[in-house]
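Participant: Sequence:
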Amino acid sequence: NAASGQFFVGESGTELLFRIIMNACLGTNNQGIVLGSTVEHPATRSACSRWSKISGKKHVLIPHNDEKGLVCSKQYSKYITKDTKVATILHTSPVTGMGMDIKEIAKEIRFVSPDCFIIVDGIQHAAHGQIDIDNYDIDAYVISPYKMFSRHGYGLAWISDKLTNLPHDMLVNGPKETWELGTRDTGAYATLSEVVSYFEWLGECFTNSNNKRDKFVAAGKAIHKHEKNLTQTMIFGYGNIAGLSQINKVNIIGGLDNPAREGLVSMYVDDIPSAEVVKRLNKHGIRTHLRKADHYSGNILNPLKQNSCVRISLCHYNSIEEVSQLLIAIKKICE
72 NAASGQFFVG
82 ESGTELLFRI
92 IMNACLGTNN
102 QGIVLGSTVE
112 HPATRSACSR
122 WSKISGKKHV
132 LIPHNDEKGL
142 VCSKQYSKYI
152 TKDTKVATIL
162 HTSPVTGMGM
172 DIKEIAKEIR
182 FVSPDCFIIV
192 DGIQHAAHGQ
202 IDIDNYDIDA
212 YVISPYKMFS
222 RHGYGLAWIS
232 DKLTNLPHDM
242 LVNGPKETWE
252 LGTRDTGAYA
262 TLSEVVSYFE
272 WLGECFTNSN
282 NKRDKFVAAG
292 KAIHKHEKNL
302 TQTMIFGYGN
312 IAGLSQINKV
322 NIIGGLDNPA
332 REGLVSMYVD
342 DIPSAEVVKR
352 LNKHGIRTHL
362 RKADHYSGNI
372 LNPLKQNSCV
382 RISLCHYNSI
392 EEVSQLLIAI
402 KKICE
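Read in order, the letters of the sequence shown are residues 72 to 406 in my numbering.
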């Protein structure tokens with residue numbers, strides 16, 4: 072629903088974040104602050120760390136709330152200054168599963184530093200809820216389509232007119248607003264078109280409107296509602312099947328009843344290594360992911376004094392029956 076700015080395709084979501092952050096840092100005056108938070112994926116944190124130094128700025132990281140697995144606008148407000156030139160926001164954490172309130176955080180930033188370039192990492196969020204760019208008052212939003220039912224090999228970004236007009240890599244005498252470099256794989260556009268058609272079809276199941284945007288909004292609301300039901304079932308159980316919160320030895324990252332949760336639950340089991348839990352779940356035909364306290368997930372796990380966790384991801388195509396099978400399997404593992 073972006074009424075201005077432009078969309079363009081790059082190598083990956085991470086590459087696009089690096090390139091956008093680079094140009095935002097280099098395109099603003101030396102000195103000042105590049106602001107982010109410790110909840111962020113290393114894609115934004117690493118890019119800000121590198122380009123803040125090169126552009127003569129200070130990189131400031133806001134400590135996230137370990138208990139809730141997120142960062143909020145009030146936490147941002149304590150660190151925003153008038154010389155905040157670039158700010159990054161993670162829309163949803165791929166480790167805790169918690170979504171940030173982009174609109175409220177951006178509002179706090181604009182109140183103190185109106186001209187700040189605000190860049191959002193929407194890679195994890197894209198498949199689990201709505202994206203409303205015009206409502207956020209930001210300058211960039213990046214996704215990796217492979218996490219939104221497409222394929223690997225490309226990333227998609229939206230940038231504002233203000234960011235578009237910054238000096239950036241481009242061909243000499245080429246169109247000044249062009250940010251794409253080289254010829255992109257047309258197959259990427261084809262797969263994204265299919266995703267768009269899918270969301271439109273899904274929305275038709277929940278609205279009688281013929282308007283494409285209305286269909287997208289309806290699809291997003293339905294996805295969020297269904298996934299919320301799935302994560303709540305995973306945590307609190309279903310019928311006589313115990314939820315994760317009721318299974319001995321299980322610890323849930325981000326708390327039990329956290330309204331910010333989107334599409335995943337991360338947990339660890341006392342006395343059983345997370346790698347072993349993942350292995351045993353595989354034997355039950357259930358695919359989960361091991362997250363280690365490394366350069367990807369250490370920002371979340373180290374403050375919790377955990378060297379790893381099990382990330383249980385789900386999507387709107389999953390069912391209560393599948394969640395129930397998961398819970399039964401985890402209970403057996405923990406006995």
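Bear in mind the hints are in silico, worked out from the structure with no lab data behind them. There's no promise every hint is true.
[Said to hold, decoys possible] Dumping the calculated DSS-like pairs for lysine-lysine here, alpha-carbon to alpha-carbon at most 27 Å:
| # | residue 1 | residue 2 |
| --- | --- | --- |
| 1 | LYS129 | LYS299 |
| 2 | LYS286 | LYS139 |
| 3 | LYS174 | LYS299 |
| 4 | LYS376 | LYS145 |
| 5 | LYS218 | LYS149 |
Since this is a predicted model, take the numbers as computed values, not measurements.
Participant: Does each hint fit the structure? Answer for all of them.
Facilitator: Hint check results:
| no. | hint | verdict |
| --- | --- | --- |
| 1 | LYS129 <-> LYS299 | 38 Å, violated |
| 2 | LYS286 <-> LYS139 | 32 Å, violated |
| 3 | LYS174 <-> LYS299 | 21 Å, holds |
| 4 | LYS376 <-> LYS145 | 25 Å, holds |
| 5 | LYS218 <-> LYS149 | 33 Å, violated |
The structure shown violates the earlier hints numbered 1, 2, 5.
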